[in-house]
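Top to bottom, those sequences are chains F and B. Going by our numbering, the first sequence opens with residue 109, and the numbers climb by one from there. Going by our numbering, the second sequence opens with residue 98, and the numbers climb by one from there.
If you are wondering where the hints come from, they were derived from the structure by calculation, not from laboratory data. Heads up, the beta-carbon is just placed ideally off N, CA and C, and yes, glycines get one too. Everything hinted at is true.
Far from chain B, some chain F residues (derived; all Cβ distances over 12 Å): (1) Val119; (2) Gln127; (3) Leu137; (4) Asp284.
Okay, the calculated beta carbon distance ranges per label pair: (5) Gly388/B x Val227/F: 27 to 37 Å; (6) Ile359/B x Val227/F: 51 to 61 Å; (7) Gly388/B x Arg194/F: 28 to 38 Å.
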Amino acid sequence: MNLAVRCQDLVKTYDTGGQKVTALNGINLEIEAGELMMLVGPSGCGKTTLISVMAGILDQDDGSCEVFGENLLNMRSRDKLNFRARNIGFVFQAYNLLPSLNAAENVSVPLIINGMKRVEAERKAISVLEHVGLGERWQSLPSQLSGGQQQRVAIARALVHSPRLIVCDEPTSALDHETGHNVMTLLKDVALHKDRTLVIVTHDARIFDFADRIAEMDDGHIIKVKDTK
Amino acid sequence: MNHIALKMLMGDKSKYIGIVMGLTFASLIMTQQPAIFLGLMTRTYSFISDVGLPDIWVMDSKVQFVDDIKPLQDTELYRVRGISGVEWAMPMYKGLLKARLTDGRFQTCNVVGLDDATLIGGPPVMLEGKIEDLRRSDSVIVDIDGARDKLGKPSPIPGGKRIPLKVGDSLELNDHRAIVVGIAKVSRTFQSQPVVYTTYSRAKSYAPRERKLLSFILVKAKKGQNLAELTRRIREATGLAAYTQEEFKTLTYEYFMHNTGIPINFGTSVLLGFIVGAAIAGQTFYNFTLGNLLQFGVLKAMGTSNWILLRMILLQAVLVGSIGYGLGVGLTALFGHAMRHSILAFRFPWQLLIFSGAGVSLICVFAAMISIVKVIRLEPAIVFKG
Ligand SMILES: Nc1ncnc2c1ncn2[C@@H]1O[C@H](COP(=O)(O)OP(=O)(O)OP(=O)(O)O)[C@@H](O)[C@H]1O
Ligand SMILES: [Mg+2]
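Chain B with its partners taken away, still in its complex shape (with noise of 0.2 Å):
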């Protein structure tokens, strides 16, 4: 019987496409959203990533994310390097300051201060130049994007590509010269700004004259530490906060998960897909099944049970259902393909597959139901009724 099943829901085609689409549909919402979604919170925390290999954050207690800086007193860093099992501790400066290009226009920049002897939490991969190169005198590594774009040089002719901002070339932060020495690549975060790094003393001369200007301080465990326990113990000595890796990355895609509108908006696109799916597949479904009672009401007469029906109904929304979510899947994967060299974000983790896997299953059972339901219902006395 599963045979004529098949034959029956292949053999209406225009009918048996508008499932599939309505379910290829729903799965791509379902799918796409949420990726780009999870891509986005991916780059709330981009930052902490690309810095990597600190295990620990030591930062301000009321910091609520990694762009929230509320700077440190210099001092902090000396008391947290005498913590009992802190294999070393690095100052980091983070902040926002206004770069003027050699065009006259200003540009905020996001400028990294990196340790002056150790240059730790420098940029993950270096295009051009060394990040060695920042020990010369002015010296800063730009990240390509800004590079290119925002602290590119107009174009001659009006309306042509900016020129990239190349090594060699120098800008004004706060008065100071700053010589581009090399070009990174850099994670995108949610802040548009170029990243500049520098050293930590140099960033200190480039930003405004203030009191403290510690945004973290960076610490790896001495081996074999538990590290739960040493961000007790900086927490308690420093009455600062103390924040693992992966906390920090919590507690940052935490805040923009409940400060923000994006899970929000989001969400109601997953849920507006679903229900759009849920409504044309089981609609289109539905209406297919109502167009074959007379067909399962002749099997019916001829000695059909209602489970053997009700399993082939199963088995038709089980392949519209799993051509609709292999297609919906499949262009998911290809539009983030095509998406990866973009602005976008994108994050396609297997956990995803499983989510809008059980959307499309959900709408498929509730496709089912209301058909199975009706045939279950059907009188086989209605073969005569022409």
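Chain F extracted, bound-state conformation (with noise of 0.2 Å):
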């Protein structure tokens, strides 16, 4: 078995203001590659916190997070940079999109960081922008694209640079049914592959078939993961 994402007794507490809140307390959870895993639970219990500390954009107190074989706590944050860099994509609730870039420039962000040329990367962006089918807005700036039209922009800059692990947070939540579905069924169809695992925080009942598992988490564990294959 081809791990990406093996979590190990991982607790977080957040401290504000002297009152401690644990967030994550005690998770053990192994992601496969190539899986599309979703993490469901009412709100608070710690979703947000748990993917945050696997695209390695949060460090947890205790426990161990180790994704494609990494432990990022021990990474120095030069590697660490350069590991989320290479081998995480994001997408968010609200899109997250630069405003005053148009979707190609959008979509050639995470090439940049790594290092292409500009010209060579806004022509590797326009071309995923195509297999999201937005091939012909690539000029078009976020406010001029609806909401769904904007979360494509932004899965397909989550996985132009070829990620290993795309983690994405209520990826649907701000869209209406069928918008929902489409831009699930593009996450499913276009952005998961063999090499490449999603792990996506939904409370939307309504995509639920589209994981291969579900980890059901509450107050800072996971109660249950199920197979739905």
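Since each chain comes alone in its own frame, lean on the hints to assemble the complex.
Rendered as structure tokens:
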């Protein structure tokens, strides 16, 4: 078995002005390469915190999180940046595109971060935009695109640099049912393949069918992992 | 990433314009106010510049600046002429005298009396007539601004423009007739009185009877003379003060620097311009960064280093700084150009560009610093907090 993510006894506590909130309270979870794992659970149970640790943008307090065999906590910050730049793609509920860049420029950002020349990066970005059905709209600014189109641009940005792990936080929550469905189809058909793992946090029961497995969380714990295949 | 930084900056038009305007304002104030200040300070010694020719000015040792006249005895002139290294030495009278105009009004004039034979120290530019016309009896030359304004005759129509004093017109100086034989252009000074040129002996006859009437002795050094040496010799031989032209300018300029509120006034405006500019530009730039914090967070999450983010912010600051500086300096130059014929003092040497450039740079560095600190401290995990 080829593991993408392996969390062992993961603990994360937030300290806000003396008040401690334990967001992750001993998480044990393994995610295989090439699978689409969904994380579900009530609000505040720690889903976002968990994918933040997996993506290497948040440090846990205890336990370990290995991503493709690398222990992120022990990494030097420079190596961690490079690790993120090469291996992680992000999709957000609010899209988080840079508003003054057009679609192609937005999609090219991860390539530029990885050192690719701008012209080449934008050319590649346009070809990925074609894959998500927005080849014609590469010059549009985010404000000129619908929510669903913006999320498709964001998906193109998440996969343009061929990362091995894409983390998505509520990618369909801001969209209507049909648009959300299309976005999920795109994620499953275009983004996912045998070398790429998707971890999707969602509340949206209507998209559960897209998952290979669903991990249910509550109060900082994984309470159940369901195989839906 | 530079491209992204610039797009981020210019994408938000209103904030972008706000930052640039703040910096333009600051750089305008920091350039224009010192330019006026320098212009005013140049005026303090413009009479010395106008006289031009002599290397050395000799005067009473208690004289503090060019308009501070402490007359000497005529015999001093001959003593100075006797000092070795002196090519020539000429007398000059400078003093305020009352003129009676043809319509009966009185007007104080700044009367300058030149050596009768050589007429050295005369006005720099003649608009009408020749300096040599001063050799005619009762002749005077007046400056154009005085002729047009204070020495002019009232208009026959009430509220109309004054009729300028012309060549051939006459006025009375201390009951002596004076006939205008020429109109000159002189540099503006701190004194607003009309300037009237005449010969030294005639100036003495205009002036109230006094024992001493010699204001300055103008000295030309022999070729190859060391001026510092010569001034020292003149001082030692006569007990008078002797300054090179530059030294006399500095003396005058420093008198105004130390004894008037002018430097403090302008210093305050420059400082205020700097502070207000720094506050506006710093604040808008910082707000701009704060507004883009999520974008910086996204870039950080995707693997952009603090170092690159720092460079992006610096680039943004340098860009708005350069544009603001360019506009501010350009507006100052336009202002100076528009005012070139007015009474306003204005001087814009290249050093001023460095001065205001340094000021604007300081503001930009300050604005960028506070923004950079914020972005460096930013946790990339904020990207998931919509
Ligand atoms: N930066 C933070 N500082 C302090 N507490 C935080 C912070 N981020 C999250 N928390 C707390 O940690 C707990 C888990 O938060 P998290 O965002 O992971 O939940 P979630 O499962 O994603 O919730 P939701 O479904 O509402 O997005 C919550 O109680 C939250 O209040
Ligand atoms: Mg969440």
